[in-house]
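Those sequence lines, one after another, are chains L and R. Going by my numbering, the first sequence opens with residue 538, and the numbers climb by one from there. Going by my numbering, the second sequence opens with residue 1357, and the numbers climb by one from there.
If you're looking for bench data, these hints aren't it; they were derived computationally from the structure. Misleading hints may appear alongside valid ones.
[Unchecked claim] To give an idea of the chain L side of the interface with chain R (calculated C-beta under 7 Å), a few residues:
hint, residue
1, G599
2, S600
3, V619
[Stated by the list, open to error] Partner residues are not named here, just some residues of chain L that face chain R (Cβ under 10 Å, in silico):
hint, residue
4, A594
5, V606
6, E610
7, Q668
Note that CB positions come from ideal geometry on N, CA and C, so glycine has one too.
Here are the chains, one letter per residue:
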Amino acid sequence: MICRKGFEIFLLGFLILFIGCVLRPETRSTLRSPGDLPGCYAIFPVKPWESVHKIEATIGGGSSSLIGVTKGEPSEHRLQSVLLSPEGFILFDAELSGGGMAVRKALDPFHSPAFARGLMEDVSLLFFPPQVKPTAWGKETDGTMICVWEGPDESHTEISGSMESGWKILRRNKQGKIIKKAVLHGPFVSGLASRVELWSFKPASYRLRMTLIQAFQ
Amino acid sequence: MKRFVFLSVFIAAAVFSAEMALAQDLTSLKEAFRNIRSVKAEFLQKRSLTILTKPLLSEGKLFLSTPDSLRWEYLSPLRSVMLRKGNKIQIYNFSDGFWKPEMAQAAESRRMVLLEISLWFQGRFDESKAFKHSYFPGPPEHVILVSGEGINKFINRIEIILSVRPGVIDRVEIEEPGGSRTSIEFKNVELNSSLSSEVFEKP
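In isolation and in its complexed conformation, chain R is listed as follows:
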């Protein structure tokens, strides 16, 4: 009996200690992101579909200014840009030499994605309304987001792999039901450079 009590106390202490360490790590993770005022990066997106033998590659740029401005721009194969400034979200496509506003195509899904991306780049994983997060100190340090009811029809889980450089995301892996997946790799990441507000307002 004494041995059982000792074991129970030991396990409880170990679990408590692990949770404390995790909370400590997550706090320090948020602290690393807290110093970020802006992010500028290039990205390579690999879209793997069960219908396709080879993934579809897209290239683009990302601009973020905390707390709520984001520009997510594709340069190829389609030129397209999603802009967020506060609650205002605009989507444009480049066609015939002009930027044209996008018709309301899956606007809700795209709005949700923009809001989520804004949170990731500020380390505010616990503020997501659509996903529950788990933090893993690694290496590599990463965060797993599991989708809630409704979203799980489109996304199973998202893995965000963090760089050794504090506050920088290396890669995002998105898994969908049915086996399709998306990998987004970030490169040439610049932190806290000066960004004009026009970047988030005009295509």
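Isolated chain L, as found in the complex:
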């Protein structure tokens, strides 16, 4: 009796998998089509921009509200990021330029080099595409773009989504584990998503919820 029930569960699982495989061709991607390549860059600003975000950070058991100001120059891969307290105190001010990072100001608890590196990685992940061509990309028949970049350190960046359904960015380490995940929601204003949720899992675990307050290009 028990054996029969086990077989039925196995059969049900097999059928679900089988139906899944049968349906899959309907949403099959067209791989590495040159016409789809621009879609991999749709979520990144192409012109110089400045933006202000409301940021709700959840770290450990605590939470913090901040204002994030970002100014970027995509063609030069240059970016300045400033974190302010709600009263307008500058808590953190750093710039990425020419592959290097300069921290102008960092107050406790934002003064550790690991925090500065992590924050600028987050900002780069959200605003700049990887500087190399994707290794794989494609568009599913429902319009969903999927793009994969391989980093120099064997990390991977994956972007998937559409302007209608929103976008997801995943950064994986060389072991394939997700170390950062971001979900972007439209509408896009001056090339920037209105709402962003970012989870960082390694080395530090935290969540940022960002709401666009103002943006200029």
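Given the structure of chain L, go ahead and fit chain R onto it with the hints provided.
This is chain R only, laid out in the frame that chain L set:
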């Protein structure tokens, strides 16, 4: 020689007289603030950063009860409140429909600002530990606070512009090193209205 002595005496008398007048003005200024038991006001803050083309605008409310209770609340773009009652200072942010206590983020700077604001609204400019004050009868009547060692890394000077209405501050201008500045304009100022103590204890 006689002319020189006369000139010296004249200059000394003029300086003494000006200092006396200034001291008199500052005394009358403090007197105007001395009658204040509470302040309720709305404010508009314009934060100008060198990185931004347009200033960042924030709106909020202020509640003060002398001598040591203050509520400094932002309504937009972030809802956040700093509460001071005596030596106790609490900071909360509004998120997901709830007030959540702030992690210790620049707590010292924020504590200092709350203490300074409490002093300004009571005309106790000479009691600041962080700034040296100078009074200018105007018009507009204003007080300039120059930061001391340590604070000058963050703030160069603060200008407090007083209203013609005794004991009321119209505007505060804060200048930082590097060219960034903050302007806070106060409006709908109510003096000596009754304020519940809960205003300073709960977000």
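Consistency of the hints with the structure:
Satisfaction of the interface hint for G599 (chain L) is found here, the shortest Cβ-Cβ separation to chain R being roughly 4 Å, below the 7 Å cut-off. At about 5 Å, the closest approach between the beta carbon of S600 (chain L) and any beta carbon in chain R falls short of 7 Å, and the interface hint on this residue holds. For V619 (chain L), the interface hint holds, the least distance from its beta-carbon to any beta-carbon of chain R being 6 Å, beneath 7 Å. Hint status for A594 (chain L): holds, given a least beta-carbon distance of 8 Å to chain R, under 10 Å.
A distance limit of 10 Å between C-beta atoms decides the matter here; for V606 (chain L) the minimum to chain R is near 6 Å, and the interface restraint holds. A least Cβ separation of about 12 Å between E610 (chain L) and chain R goes past the 10 Å threshold, and the interface hint is therefore violated. With its C-beta approaching chain R no nearer than about 23 Å, Q668 (chain L) sits outside the 10 Å limit, and its interface hint is violated.
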